[in-house]
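Numbering (this note's numbering), first residue to last: 1 to 332.
Hints are not guaranteed to be accurate.
Below, computed lysine to aspartate or glutamate pairings styled on EDC-like, alpha-carbon distance capped at 16 Å [as the list claims (entries may be wrong)]:
| hint | residue 1 | residue 2 |
| --- | --- | --- |
| 1 | Lys110 | Asp54 |
| 2 | Lys147 | Asp201 |
| 3 | Lys229 | Glu188 |
| 4 | Lys147 | Asp23 |
| 5 | Lys110 | Glu145 |
| 6 | Lys266 | Asp201 |
To be clear, the hints were calculated from the coordinates, so they are not data collected in a lab.
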Amino acid sequence: EFDHGIFARDRSPLSLSLSTEGDSLALAESGHRVRLYRNDLAGGEGYLHLHVPDQHRHVLRSMGVLLVLSALFLVAIVAAFVFTVRTIQRQKRLSRIRADLVNNMTHELKTPISTIALACEALKDPSMPRTEEQTAAFVNMIRDESKRLGVLVENVLQSAVLDSGDMRLKPVELDLHAVLRDVVRNTEVQVQRRNGRVTFDPQAEVHHVTGDRIHLTNVFNNLLDNAVKYTDRDPLITVRTDSDTRGITVHITDNGIGIPRQEQDKIFERLYRVSTGDVHNVKGFGLGLSYVRAVVLKHGGRIRLDSEPGRGSTFHITLPFHHVSTDQAPAR
Numbered sequence: 001e002f003d004h005g006i007f008a009r010d011r012s013p014l015s016l017s018l019s020t021e022g023d024s025l026a027l028a029e030s031g032h033r034v035r036l037y038r039n040d041l042a043g044g045e046g047y048l049h050l051h052v053p054d055q056h057r058h059v060l061r062s063m064g065v066l067l068v069l070s071a072l073f074l075v076a077i078v079a080a081f082v083f084t085v086r087t088i089q090r091q092k093r094l095s096r097i098r099a100d101l102v103n104n105m106t107h108e109l110k111t112p113i114s115t116i117a118l119a120c121e122a123l124k125d126p127s128m129p130r131t132e133e134q135t136a137a138f139v140n141m142i143r144d145e146s147k148r149l150g151v152l153v154e155n156v157l158q159s160a161v162l163d164s165g166d167m168r169l170k171p172v173e174l175d176l177h178a179v180l181r182d183v184v185r186n187t188e189v190q191v192q193r194r195n196g197r198v199t200f201d202p203q204a205e206v207h208h209v210t211g212d213r214i215h216l217t218n219v220f221n222n223l224l225d226n227a228v229k230y231t232d233r234d235p236l237i238t239v240r241t242d243s244d245t246r247g248i249t250v251h252i253t254d255n256g257i258g259i260p261r262q263e264q265d266k267i268f269e270r271l272y273r274v275s276t277g278d279v280h281n282v283k284g285f286g287l288g289l290s291y292v293r294a295v296v297l298k299h300g301g302r303i304r305l306d307s308e309p310g311r312g313s314t315f316h317i318t319l320p321f322h323h324v325s326t327d328q329a330p331a332r
């Protein structure tokens with residue numbers, strides 16, 4: 001809507017056409033005017049005035065769609081920039097972690113291989129006098145380092161299973177206490193070598209579950225292995241169980257270095273290690289806990305961590321009594 005009118009030179013109105021919001025004074029003072037009757041020989045003179053009430057509102061209304069689109073475009077640009085920056089930071093972090101993985105993997109694989117090679121050379125050297133006890137010690141050394149090498153390779157294979165997303169369970173009815181006893185027994189040698197102690201305290205009244213024996217054994221092996229490695233003192237480890245009507249919970253407690261609260265949500269990520277970089281006093285590839293979590297979730301369970309730096313950690317693994325993966329029926 002707009003107002004228009006014809007005014008004399010002294011701005012007195014001759015003819016007006018006002019809108020509902022029209023103002024004759026504003027129309028008379030309007031700067032939008034043009035002279036009429038330029039060729040009138042009789043000397044008639046008049047001016048046509050135009051005035052748009054609330055001109056700014058009309059301009060904004062006509063530009064509204066453009067302003068909204070511009071704002072949306074700006075938001076999209078900012079969002080794309082933030083996403084790009086975060087992606088770059090994430091890729092840098094992954095590159096750094098992968099470099100750490102290669103460094104630590106090279107170190108940990110080289111150590112048992114070198115030990116086995118030296119023991120073999122010692123056994124093969126005819127000039128080196130040795131007793132039966134020394135020979136047995138070399139054989140035991142080769143056996144232990146071979147087992148260690150097998151564990152390292154198993155960790156890499158577990159990572160490959162996670163990468164492929166093709167973890168298929170072979171669930172059977174099993175006695176979880178029996179599984180835990182075997183795992184604790186296998187860990188005792190490693191713990192005693194460091195003047196430590198591992199204790200099994202089976203308190204669960206019901207301890208039979210449906211699960212994959214191999215994967216669950218790997219889960220508890222990983223957790224106990226971490227409990228031994230991530231401590232700066234004689235390791236003291238307790239494995240305790242309890243149960244309720246829904247399932248069985250395994251509590252694995254150690255006296256290790258502990259995990260800061262800000263790190264606890266990240267430890268189940270692949271390749272994540274609380275101590276990163278080429279630091280070999282804390283061993284590991286950063287593959288174990290991501291595998292542990294994947295297996296527990298695949299069994300319909302859950303895993304939780306309680307930890308304080310310098311005071312150790314406790315992992316709580318809860319498994320339902322009956323959970324069969326849809327990937328495969330229970331084995332008979």
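Comparing the hints with the structure gives:
| no. | hint | in the structure |
| --- | --- | --- |
| 1 | Lys110 / Asp54 | 82 Å, violated |
| 2 | Lys147 / Asp201 | 27 Å, violated |
| 3 | Lys229 / Glu188 | 13 Å, holds |
| 4 | Lys147 / Asp23 | 97 Å, violated |
| 5 | Lys110 / Glu145 | 11 Å, holds |
| 6 | Lys266 / Asp201 | 29 Å, violated |
When the structure is compared with the earlier hints, violations turn up for hints 1, 2, 4 and 6 and for no others.
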